[in-house]
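So the protein sequences, as listed, match chains F and Y. Its first residue numbered 39, the first sequence is counted upward by one per residue in my numbering. Its first residue numbered 2, the second sequence is counted upward by one per residue in my numbering.
Just so you know, the hints here were simulated from the structure itself, not pulled from any lab data. Do not take every clue at face value.
One-sided excerpt, in silico: chain Y residues whose CB lies under 10 Å from chain F [claimed, not checked]:
#1 Q38
#2 P40
#3 L44
#4 V53
#5 Y65
#6 N85
#7 T87
#8 L89
#9 F91
#10 A93
#11 Y101
#12 G102
#13 Y103
C-beta: ideal position from N, C-alpha, C; glycine also.
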Amino acid sequence: RKEVEQDPGPFNVPEGATVAFNCTYSNSASQSFFWYRQDCRKEPKLLMSVYSSGNEDGRFTAQLNRASQYISLLIRDSKLSDSATYLCVVLKGTDSWGKLQFGAGTQVVVTP
Amino acid sequence: EAQVTQNPRYLITVTGKKLTVTCSQNMNHEYMSWYRQDPGLGLRQIYYSMNVEVTDKGDVPEGYKVSRKEKRNFPLILESPSPNQTSLYFCASSLSVLNYGYTFGSGTRLTVV
Chain F
39 RKEVEQDPGP
49 FNVPEGATVA
59 FNCTYSNSAS
69 QSFFWYRQDC
79 RKEPKLLMSV
89 YSSGNEDGRF
99 TAQLNRASQY
109 ISLLIRDSKL
119 SDSATYLCVV
129 LKGTDSWGKL
139 QFGAGTQVVV
149 TP
Chain Y
2 EAQVTQNPRY
12 LITVTGKKLT
22 VTCSQNMNHE
32 YMSWYRQDPG
42 LGLRQIYYSM
52 NVEVTDKGDV
62 PEGYKVSRKE
72 KRNFPLILES
82 PSPNQTSLYF
92 CASSLSVLNY
102 GYTFGSGTRL
112 TVV
């Protein structure tokens with residue numbers, strides 16, 4: 039079983055709609071979680087950290103469910119520019135230098 | 002501008018010919034790492050470094066070497082490249098992986114024939 043698993047998609051979303059997707063992780067001791075965005079053949083860029091209480095950044099909302107070991111990302115009022123692959127990232131261990139474990143990504147395609 | 006710079010962006014080489022991919026960051030970050038990305042597999046860590054002269058293996062270190070003689074530079078060395086090392090490579094750095102995750106370079110697309 040992969041340590042971080044994501045639905046590869048694609049999630050086809052009409053412009054203006056809401057899309058949500060999850061990511062599951064296997065290590066219950068994981069402490070830090072992130073969502074990254076990656077455009078085609080470009081470097082991943084940090085979208086947002088995921089906090090225990092859940093957090094929001096504009097149209098993006100991230101949630102953490104420790105009991106079920108998954109994190110989620112919700113995008114409201116989708117824009118064409120939101121089309122990308124979203125990578126779920128989990129930190130192995132609790133040290134500041136811990137290793138990041140990446141999911142393979144969920145592709146989102148926003149259509150006009 | 003704060004950034005991680007990788008070179009070259011694209012490289013085609015032949016099996017067995019030693020090559021080095023350079024990585025430099027201007028943010029005074031202690032933590033640096035190399036990843037490779039292959040379709041369906043996501044990013045996999047090759048090596049990482051917590052500080053100058055401190056490096057450790059990631060998940061897929063075979064066939065690679067690194068060095069960290071200066072804080073800003075973290076080159077990736079392929080002593081004898083093979084076709085299975087054809088991949089997209091990313092260098093990354095961080096002030097604190099726990100809190101901030103990594104900042105990535107623009108990537109190096111390597112093809113070994």
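Exercise. Against which earlier hints does the structure fall short, listed by number upward?
Worked result: 4, 5, 6, 7
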